[in-house]
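Asks: One letter stands for each residue in the lines below.
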Amino acid sequence: MSSYFITRANFEKFIVKLIQAKKKIYAPVSKKQSFIFDELTSFDDLRLDYDVTILPPKKYIFPPRQGLLTFDKQGHNSLIAPEDKILLGVHFYDLKAIDMLDNLFAANNSDANYLANRAATTIIGANIQKISKRAFWGSVGKDVRPHGYDGFIIKLDGGEGYVYECYTDKGSALLKSGDFSNASPAQIAASMDINERVLKQCPEKLNHSSKEIATKVRSTFKEKQLWEELADDCFSCGSCNTVCPTCYCFDVQDNWNVDQVSGRRERTWDACMTEDFAKISLGGGHEENFRESKAQRFRHRIMRKSTYLNETLGGPACVGCGRCSSACTADIADPAKAINRIMEL
Amino acid sequence: MLDYNSYENNIFYPMEAKILNVKQVTELERHFSLKLANDKQMTFSPGQIMEVSLFGYGEIPIGFASSPTRKNSFDIVVRSVGRVSKAINKLQKGDSLYVRGPLGHGFDLKAFKNQNVMIVAGGIGLCPTRSMIQYILDKRSDFKKFTLLYGSKNPNQRMFVDDLEVWAKSSDVDFHETVDQGIPGWKGNVGLITTLFKNLEVESNTKVIICGPPVMFKFVIFELQKLKIKNEDIYLDLERRMKCGVGKCGHCQINDHYACIHGPVFSLDTIKHLEEAI
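Going line by line, the protein sequences match chains B and F. In this text, residue positions in the first sequence follow our numbering: the first is 1, and each later residue adds one. In this text, residue positions in the second sequence follow our numbering: the first is 346, and each later residue adds one.
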């Protein structure tokens, strides 16, 4: 890793130059009272002071609706056609989430529909300047550091400028677009301090280590009453899944074009909290739902975020962004609340 | 850039398979014999699955219904239950459908070699187990005693009637059959599949495969435990919503196991502690 410094004035020029270049840039911008990742077309739209975005930036690598194949009378063709792009201003919890998805889509049967998009993406992180109301990223999976991103921007206190950490060739490739100098030891120390300090400022907190949580949560699997209580107000709407940066469940459907001859095979985000997620037809009007009750589905989600994938990922599949907590109408989705309640048992 | 129009580079890119033969098995089920286009060979193990699709309709997970020892074709049986299966069941000899596979883990053939084997199949559960039945019969000297129990709802829903007739007469397999409900003219056993255990002679060191409707597993396992068969010797071929077949989409997840990649065949030992498994 090498660290560089760029002044505030030159940072604007740097971003403008990136916008003018061929690659599209997706970055946090404001939308009404919230923030979203969107295509960046002007420096003034860039909001590195965002707290959290409505949807995580995974949407540019694993889109909500992704064509897998087209088909017509002649045959079928893959729709893998990655777009070279830069994801800019990604907070560390979302970097962690993307790193997890990288592992999961590559494991067992590697999924080119994800990996090709990922390979075409340059990811530049940014430090957290404002903290969202439901965040608990300071205390979840503390031993898990994100990998796989290309660079990281830290805004120094006092507004003198930014430190830019380069991790890969893709990250270094951006240097030529800006007037960077080597960062001084003092600037590097200051940037590290900023990232350390923010970890202690989350409004919510897990009180136990990932290991303790994984073991305890797993041991409550058969405590029916507990899970019924936790899931009692659930509407099975799947909003918690939809906004989650580490959820990657999907459905695959074929859709005809209007000509009724050609069409597309597409995958769309799915949600394990919805009622029919694990349901199958047996024929003759009979069905079997392997997670029939909302308590079973709620348990599955919490287990998946806190224990099931820990061995594969080296830590929990939750990054503490708090998006699910904010998105949940009944306000029951918050993993920190559910886990802390379980840990008190 | 890689050629993504190939199954090798793109797990969602299916291979074309030609329908060599098709037979109506019951009112709802059709039996297809398939061969990959361009003379490609389908190499698989009994118990593995495929995602079978028809463009414009979608994909469904289906187990191989024939043994890899029979290399001229591979078989599937499709029950008309939804949009995809109903569309596939309209296809005729010479038509194409599309497959991704083989997927998942089938029966551990090494563990079964030189062992007593029993297969307990209920209803359409005879289709994926037929792959193993044929395999055992084709390599008969590799196995000790082979017992086969089959139960269907009624005589009209019996699968592979020609096979059943052969197995009933064969000295290579101790075959027992029942139907839940008889009809006039039915001379065989009537009663649930568990009633076949009454007079069964099975050694406690037998390796057992169970495949059938979800409700059947518990009752059959109970009978096997009475026979002192160990959990590690009991294998379950599970049905789940294996949508992607490659361990990604999450629909078939049973706790931390995916039916499509860790199964669909599991030993009871592996999954007995998982509440959602059986």
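Treat the hints as calculated values from the structure; they're not laboratory data. The model shown is predicted, which means the values in this text are computed figures rather than measured ones. Don't take every hint at face value.
Residues of chain B placed beyond 12 angstroms of chain F at every Cβ, according to the derived structure [claimed, not checked]:
#1 ALA21
#2 ARG47
#3 SER177
#4 LYS222
#5 LYS337
For lysine-lysine, the following DSBU-like pairs were computed, each having C-alpha atoms within a straight-line distance of at most 30 angstroms [to be verified]:
#6 B:LYS222 x F:LYS571
#7 F:LYS363 x B:LYS222
#8 B:LYS222 x F:LYS617
#9 F:LYS575 x F:LYS458
#10 F:LYS363 x B:LYS216
#11 F:LYS431 x B:LYS73
#12 B:LYS73 x F:LYS363
#13 B:LYS279 x F:LYS458
#14 B:LYS73 x F:LYS563
#15 F:LYS435 x B:LYS279
#16 B:LYS73 x F:LYS368
#17 F:LYS575 x B:LYS294
#18 B:LYS216 x F:LYS563
#19 B:LYS224 x F:LYS455
#20 F:LYS489 x B:LYS222
Here are a few chain F residues that face chain B, going by a calculated C-beta distance under 8 angstroms [unchecked claim]:
#21 TYR352
#22 GLU353
#23 ASN355
#24 ASN366
#25 GLU404
#26 GLY439
#27 PRO447
#28 GLU584
#29 ASN600
#30 ASP601
#31 ILE606
Yeah, the Cβ is synthetic: ideal placement off N, Cα and C, and Gly gets one too.
Asks: Would you mind confirming whether the straight-line C-alpha gap from LYS575 of chain F to LYS458 of chain F stays at or under 30 angstroms?
Replies: Since the Cα atoms of LYS575 of chain F and LYS458 of chain F sit roughly 17 angstroms apart, the hinted pair holds (cutoff 30 angstroms).
Asks: Holds or violated: is the Cβ of ASP601 of chain F closer than 8 angstroms to a Cβ in chain B?
Replies: Status holds, d = 4 angstroms.
Asks: Against chain B, is TYR352 of chain F within 8 angstroms by beta-carbon distance?
Replies: With a minimum Cβ separation of about 10 angstroms from chain B (threshold 8 angstroms), the hint on TYR352 of chain F is violated.
Asks: Need the status of pair LYS363 of chain F, LYS222 of chain B: alpha-carbon distance at most 30 angstroms?
Replies: violated (47 angstroms)
Asks: Tell me if the straight-line CA distance from LYS435 of chain F to LYS279 of chain B falls inside 30 angstroms.
Replies: holds (25 angstroms)
Asks: Is the Cα-Cα distance between LYS224 of chain B and LYS455 of chain F 30 angstroms or less?
Replies: Roughly 39 angstroms separates the two Cα atoms, so the pair is violated.
Asks: Against chain F, does ARG47 of chain B keep a CB gap of more than 12 angstroms to every residue?
Replies: Holds: least Cβ distance 33 angstroms, greater than 12 angstroms.
Asks: Does PRO447 of chain F pass the interface hint, meaning its C-beta sits closer than 8 angstroms to a C-beta of chain B?
Replies: violated (12 angstroms)
Asks: Keeping to a limit of 30 angstroms between CA atoms, is the pair of LYS489 of chain F and LYS222 of chain B held or broken?
Replies: violated (40 angstroms)
Asks: Check the non-interface label on SER177 of chain B: least C-beta distance to chain F beyond 12 angstroms or not.
Replies: Holds, since 26 angstroms exceeds 12 angstroms.
Asks: Under the criterion of a CB-CB separation shorter than 8 angstroms, is ASN600 of chain F in contact with chain B as hinted?
Replies: Holds, because the Cβ-Cβ distance from ASN600 of chain F to chain B comes to roughly 6 angstroms (cut-off 8 angstroms).
Asks: Is it true that the CA of LYS431 of chain F sits at most 30 angstroms from the CA of LYS73 of chain B?
Replies: holds (20 angstroms)
Figure legend: structure checked against the earlier numbered hints; hints not met, in rising order: 4, 7, 10, 13, 14, 17, 19, 20, 21, 22, 24, 26 and 27.
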